[in-house]
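Participant: Each protein sequence line maps, in turn, to chains A and B.
Take the position in the first sequence, starting the count at 1, then add 18; the result is the number in the working numbering.
Take the position in the second sequence, starting the count at 1, then add 18; the result is the number in the working numbering.
For the record, the hints were derived by calculation from the structure and aren't laboratory data.
For clarity, every value in this text was computed on a predicted model and none was experimentally measured.
Take the hints with a grain of salt, since some may be wrong.
Since the list gives no way to pick out one identical chain from another, each pair is judged satisfied if it fits inside one copy or across any two copies.
What the hints assert, rightly or not - Quick list of in silico lysine to aspartate or glutamate cross-link-like pairs, EDC-like style, CA-CA up to 20 Å:
| id | residue 1 | residue 2 |
| --- | --- | --- |
| 1 | Lys56 | Glu83 |
| 2 | Lys105 | Glu149 |
| 3 | Lys105 | Asp81 |
| 4 | Lys329 | Asp92 |
| 5 | Lys329 | Glu171 |
| 6 | Lys56 | Glu171 |
| 7 | Lys329 | Glu138 |
| 8 | Lys105 | Asp210 |
| 9 | Lys329 | Glu188 |
| 10 | Lys64 | Glu43 |
| 11 | Lys56 | Glu223 |
| 12 | Lys56 | Asp92 |
| 13 | Lys64 | Glu52 |
| 14 | Lys105 | Asp184 |
| 15 | Lys329 | Glu43 |
2 protein chains.
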Amino acid sequence: MFAQFPQQVWVNEVVTRDGFQSEPEFVPTETKIELINKLARLGLNKIEVTSFVSPRAIPNLRDAEEVMRSITRDTDTRYVALVPNEKGCARALELAVDEINLVMSVSQSHNLANMRMTCEQSLQQFTRIAEMTAGTAMRLNGSLATAFGCPFEGSQAQERILHFIDAYLERGLHSITLADTTGMAVPNQVHDLCQAVRERWPELEVTMHFHNTRGLGLSNVLAALAAGMNQYDASLGGLGGCPFAPGATGNICTEDLVHMLHEMGLSTGVNLDGLLAQSSALAFIVGRDLPGQVGKAGPRTLTRPLPESVKQLMQQHGQN
Amino acid sequence: MFAQFPQQVWVNEVVTRDGFQSEPEFVPTETKIELINKLARLGLNKIEVTSFVSPRAIPNLRDAEEVMRSITRDTDTRYVALVPNEKGCARALELAVDEINLVMSVSQSHNLANMRMTCEQSLQQFTRIAEMTAGTAMRLNGSLATAFGCPFEGSQAQERILHFIDAYLERGLHSITLADTTGMAVPNQVHDLCQAVRERWPELEVTMHFHNTRGLGLSNVLAALAAGMNQYDASLGGLGGCPFAPGATGNICTEDLVHMLHEMGLSTGVNLDGLLAQSSALAFIVGRDLPGQVGKAGPRTLTRPLPESVKQLMQQHGQN
């Protein structure tokens, strides 16, 4: 099981997009910029900064341009924006975003609910976006939402998922994300799908996007690691979820993920102590306790001093 | 990874002991009895009912005798009591408890903090308890607390753990529990220890006891399953933790565990819908929201009706 684990794992931080988009209050632009700059300095080599959507659709991200323009672009970090259509793509191109993330749901009904388009229409749009970006340095990532289950339709056929990956790659997309939009994935299902994808496309860059809705976020990471997957989306403090997916809450928490990976001996290049400090700051920003657990309990390596009474008992029993 | 999974998994419910012992308010005796009877009827074949401790040490379990005497003893369920000493053992014998659970920490300092005894003294006591119970039908389970790390001393040597299992078995204990008392276990460590135990004692009955303190409870179950372990402690709603272990919170949640196991195709014999109903009732009993997540999100198989607007879009696009 552990023999197949990749030794180096990449973490893609999504808090300023997936986390902030559904907050009840607008997070100030300056706060977003500062957080993104700090996260890049902590070693997160990919950050989903914002979304170039209509400010009417997601008012919380109405400052997308200003945020993208004002952050300090670390050369070791890939800065990503979610883009729902050609207009969003044009905005991303103007700001020379490193990568855009295109999203379609595997399930027809969820894509209609989320994007107001059929899957076929989404793919046609991706074709046009690929044409718009041809010859630029901007990379295209394609996300497959509801890949592990749709809240309306339930499980999705593996064939359908593989077919859509094909469709993405035919259109020139560079990488894909398999997203468990509403937290329906279970470990053996994750392992099966990851293995099928790896067998067919051994070199494809694949990111896994899990939610902890039913408590299985990190278990699903474990299953994906066992299938050799080495890129994971996560959100600082576990903030976020999809505002259009009923009952969907809780991206997996970045610091809990990094803690697990490090304690299993895998490298991420991310500074865990720094993340924990930023997670505390984030709880203050959003004004509430966050789902992340390592922030509350501390890393497992953080032992506590012996209570005085136990010290005395140790001495009585000749134990030091 | 999944090929090694046992097809049948046994769940040991600990909520009325591990959960209720650290509640701020005393849970009424009648409520405890009713809950235990309901849990047995839901297919939980092992229930840790209470603890025969001093009522001064744990006032919440001062009704241990009355609870044990008044429950309806289902013949398919094994009723267990935690016992800290000979006096507790005598009380358990009087009530013909099916099994007693003896606890010692692997770490010397934690055993002194928790039991006010050295490990050697604990083992001597287990010898006397084994003598007291010889020839009775009462089974003896020995728990090894802090098996995956001590909050004072950190990691514990695997040799020390194996040595103590030997010591338990020499004294005639019938089964063991490997307990992650303060939620320090990580999956590869769990897998290593379980494999070492299984190799040396292929037939030994071993229960895994995990806490979700750092978000890794179900991931650790997955790792233990991959090593063939088929018995798990869990607490309804995720209630509980060790009152003597600093920062220790959150047994893994029974309904989240059962949900994961069933969705991976493993059998538990437990009625998940019934558990979810009891978990809701439990939140009402303790007067607060519980950590369990499937209770909030619903099982992954519970799909939602299509919103009217999406139905209309489906029709427009000729999709049914």
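Participant: State for each hint whether it applies.
Facilitator: Against the structure, the hints come out as follows:
| no. | hint | result |
| --- | --- | --- |
| 1 | Lys56 <-> Glu83 | within (19 Å within a copy, 57 Å between copies) |
| 2 | Lys105 <-> Glu149 | within (13 Å within a copy, 80 Å between copies) |
| 3 | Lys105 <-> Asp81 | within (16 Å within a copy, 68 Å between copies) |
| 4 | Lys329 <-> Asp92 | neither (49 Å within a copy, 45 Å between copies) |
| 5 | Lys329 <-> Glu171 | between (59 Å within a copy, 13 Å between copies) |
| 6 | Lys56 <-> Glu171 | neither (40 Å within a copy, 33 Å between copies) |
| 7 | Lys329 <-> Glu138 | between (69 Å within a copy, 17 Å between copies) |
| 8 | Lys105 <-> Asp210 | neither (36 Å within a copy, 52 Å between copies) |
| 9 | Lys329 <-> Glu188 | neither (67 Å within a copy, 30 Å between copies) |
| 10 | Lys64 <-> Glu43 | neither (25 Å within a copy, 47 Å between copies) |
| 11 | Lys56 <-> Glu223 | neither (26 Å within a copy, 49 Å between copies) |
| 12 | Lys56 <-> Asp92 | within (10 Å within a copy, 58 Å between copies) |
| 13 | Lys64 <-> Glu52 | within (16 Å within a copy, 52 Å between copies) |
| 14 | Lys105 <-> Asp184 | neither (25 Å within a copy, 69 Å between copies) |
| 15 | Lys329 <-> Glu43 | neither (49 Å within a copy, 31 Å between copies) |
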